[in-house]
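Use these hints to put chain B onto chain A, whose structure you have.
Residue numbers (this note's numbering), protein chains in the order written: chain A, 1 to 507; chain B, 508 to 821.
The hints are simulated quantities; they were obtained by calculation from the structure and are not laboratory data.
If you're wondering where the values come from, they're calculated on a predicted model, not measured in any experiment.
Be aware that one or more of the hints could be misleading.
Selected chain B positions facing chain A (Cβ under 10 Å, derived; list incomplete) [stated by the list, open to error]:
| no. | residue |
| --- | --- |
| 1 | L541 |
| 2 | L544 |
| 3 | L551 |
| 4 | I552 |
| 5 | P554 |
| 6 | A564 |
| 7 | E567 |
| 8 | G663 |
| 9 | S709 |
| 10 | E765 |
| 11 | G772 |
Using C-beta positions, here's what the derived DEER-type ranges look like [what the hints assert, rightly or not]:
| no. | chain 1 | residue 1 | chain 2 | residue 2 | range |
| --- | --- | --- | --- | --- | --- |
| 12 | A | P203 | B | F540 | 49 to 55 Å |
| 13 | B | A743 | A | A359 | 45 to 51 Å |
| 14 | A | A359 | B | L575 | 44 to 50 Å |
| 15 | B | P574 | A | Y261 | 46 to 52 Å |
By construction, the Cβ of each residue, glycine as well, lies at the ideal position given by its N, Cα and C atoms.
Spelled out from the first residue to the last, the chains are:
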Amino acid sequence: MTRRTVPTLILTLLAMIFLPLTAQAQGDRLVVSLSSDPTSLFLPRAADRTATNAALPLYDSLVWINDDLEIEPALAERWEISEDGTEYVFYLRRDVTFHNGEPFTADSVVATWETGSDPSNDYANFFDAADLVEAIDDHTVRMTTPEPNAIFLTTLAIQWGMVPPAYIRDVGIDAFARNPVGTGPFRFVSRTAGDRILMAANPDYWRDGYPKVSELEFRVIPDASTRLAAVQTGEIHIANRLTPDQAMALERVAGVRVVSYLNDRAYYVGFKNVGAGAGTPLEDPRVRQALNYGSDRFGIIAAIFAGQAEPIPGFVIQGNLAYDAEAMPPFPYDPERARELLAEAGYPDGFETSMGCPADGYVNINEVCLALQRTLAGIGVEVNLEFRTTTSFWSQPQYGAVGAMFVDSWSSTIGEALPRLEGALVPGNYYTAWEDERFAALVEEITLTVDRDARAALYREMHELMRADPPFIYLYQPTIFEAVSERVQGYAPRAAEEYYLFQVSLD
Amino acid sequence: MGRRPSPHMLRYATRRVLESVLLMLGVLVLVFFLVRLTGDPVSLIIPMDAPTAQREAFREIMGLNEPLPVQFWRFMSGAVRGDLGTSLRRRGEANLDIILQRLPATAQLALAALAFAVLVAVPLGLAAGMRPGTAIDRLARGVGLAGQTIPSFWLGMLLIVLFAVTLRWLPSFGRDGFASLVLPAVALGFAGMGQLVRLTRSAVLDVRRADYVRTARAKGMAALRVSLRHVLPNVAIPIVSVLGIQFTYLLGGSVYIEVVFAWPGLGSLLETAIRDADFPLVQAITVFISLFAISIHLLTDLAYVALDPRLRRA
Chain A
1 MTRRTVPTLI LTLLAMIFLP LTAQAQGDRL VVSLSSDPTS LFLPRAADRT
51 ATNAALPLYD SLVWINDDLE IEPALAERWE ISEDGTEYVF YLRRDVTFHN
101 GEPFTADSVV ATWETGSDPS NDYANFFDAA DLVEAIDDHT VRMTTPEPNA
151 IFLTTLAIQW GMVPPAYIRD VGIDAFARNP VGTGPFRFVS RTAGDRILMA
201 ANPDYWRDGY PKVSELEFRV IPDASTRLAA VQTGEIHIAN RLTPDQAMAL
251 ERVAGVRVVS YLNDRAYYVG FKNVGAGAGT PLEDPRVRQA LNYGSDRFGI
301 IAAIFAGQAE PIPGFVIQGN LAYDAEAMPP FPYDPERARE LLAEAGYPDG
351 FETSMGCPAD GYVNINEVCL ALQRTLAGIG VEVNLEFRTT TSFWSQPQYG
401 AVGAMFVDSW SSTIGEALPR LEGALVPGNY YTAWEDERFA ALVEEITLTV
451 DRDARAALYR EMHELMRADP PFIYLYQPTI FEAVSERVQG YAPRAAEEYY
501 LFQVSLD
Chain B
508 MGRRPSPHML RYATRRVLES VLLMLGVLVL VFFLVRLTGD PVSLIIPMDA
558 PTAQREAFRE IMGLNEPLPV QFWRFMSGAV RGDLGTSLRR RGEANLDIIL
608 QRLPATAQLA LAALAFAVLV AVPLGLAAGM RPGTAIDRLA RGVGLAGQTI
658 PSFWLGMLLI VLFAVTLRWL PSFGRDGFAS LVLPAVALGF AGMGQLVRLT
708 RSAVLDVRRA DYVRTARAKG MAALRVSLRH VLPNVAIPIV SVLGIQFTYL
758 LGGSVYIEVV FAWPGLGSLL ETAIRDADFP LVQAITVFIS LFAISIHLLT
808 DLAYVALDPR LRRA
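Next up, chain A with everything else stripped away, as it sits in the complex (with noise of 0.2 Å):
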């Protein structure tokens, strides 16, 4: 080494540590937490509510659900369903383009069907919904789907954002996916890995008046105590995912406001007639309902979650079509009642079985299991616990994974139950893991209702009957906490975390 090299290696390394740093400007800037960094901003790869809920602010659908939870017009001014509820025309807005200029057309719904319909994409399965899309002219689509689907159009403006089709057939998803453009009240604009998505208000959006703010910054933060810091610091303007200590701790802090409401999620010990439970006590309906009776779902939610979580009273929740906190209380605590039931089935000591549980698969839920353990021994049921790694824990079927029952939960993006009945109560389906003609059967009719009011009426139907047969133990339902700043205004987050952000403002 020369006399030189050493201060020449110094100023090198001092460089690489100054230099790529710039500072950054704020204004009417928008930003918004991600709690892990989306998988893909191109929305049938979006893997998790994180990915999608960056992701939407770039489409639009064909229809929208809005705040009230209703369907309606977005890019489709008006449609028509068939008598036999399996064809759908849309009528398009003709005053819409892409934010790369193209215009939207019926074309676009065909490429925004084809490609998303791509056995690489995670969520192909939302838009084989449909067996046929096509352009009767410019602004007229028609769609067709295999049998009457209650969810079409609910599943239309969820997943279906529009994609450009010259430009996706050009270049292809996967360099879409890096340079995602829609119709959307947000343009995309530029994403550091791991670190940020900047998004610019889209100055031609259909929607008159919006975006209300001219800038939108997505920013990763996976840690939850550093989302709780940088919203407290005014960094950010919403943080998401809080613990329940954490919006308690907020309470006090000028600036920022909590906000907080059930997620559409349930939480359930599921039974199993197949694999490890048949053939077991848990076959008789009346050991299933004294589980329900002895599982003590308000001391877990007092104890373990703090108070902040709501008992649940099947698998139709708050926030879903058809509940009814009147007539749909949770069962009671009551160990005994769940003895004389015992008794009743043949089991006036009990019995002993098993329980499947995803260690650290869900917030809490190693205590949950270990709870629910303690509390069925209170009536005479020893459980062994089985816990095992989540990728292990969902890596097979559920009625060939450990356990003669299971822990777990399931959500839904819909404001229905149905994504929940169906997956884990149609024999055939990865997660079923109870068998039973009638479930089957009366899923299959709130699949094919396409009226709401009929669907209602079902979805009662099918509550009376999982409660007189319980397929499962009925827990609980999680709060979702968040901080907002007090600038923003204009933000509602749904039941299942999920955002539209083009009518929020910054005073």
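Just chain B now, kept in the frame of chain A:
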């Protein structure tokens, strides 16, 4: 240098390179099978209510339906050619590209942490070693102990609460200008700083008893000049030798710190990849970091031998 390397030296270098290659192969095997012990990624990626046919189609596209030995061969032959595969979650993106995007942030943080550690530890250790038993020595020993006992992620949270939330001096997260580098660099570098203070102090204590230091003193040279001209150059050797090793520890330690400070580097990428069961990406990051660490150790070892004649015959 410029002299012909001795046969001893050549034999030693060859042996160390071969050992490193074997070690790297071992890492590849271990990583491949360890991630697969955790279960099937498809069940975590494809939505719960998707039909079985979609699951199988996806498995096929991603090559996850192939027998393990075939997947292993693909992985190994790719890795040897520098192809680390594509991510399961960020479909269509090469793992190496994803890693290279994140590397500058991690390198920057690790270098800043190292700079912080050296700039605090060396002067403090030097002062302490030159004046054992004084207040500055007690301070240095305290700092050394604190550095080696306080967990870095906890220190990180503490720094955020104090300097970002309470005092509002520095940003609480992210990579946004020099100010945002300060807290994560201090949190990450603190442990290494503790070790360096102790190392410098004890090295100085040894050197200051050496004859040439006593001579310089006896000649009436000023204390500061003695420290800088005679003591510092001689304690530099052990310090520099520890720095290489420290740097690889910093890369590993950055997983916690990057998550706490939402620093968009390799550490937070690894955390996400593990949580997402993105096997190919976990493999790629681990291989990349191991390759880096093994190379640094190899270079350090070779540099020692080249620099210190006493080691050549060892």
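Structure-inconsistent hints, enumerated in ascending order: 1, 9, 14
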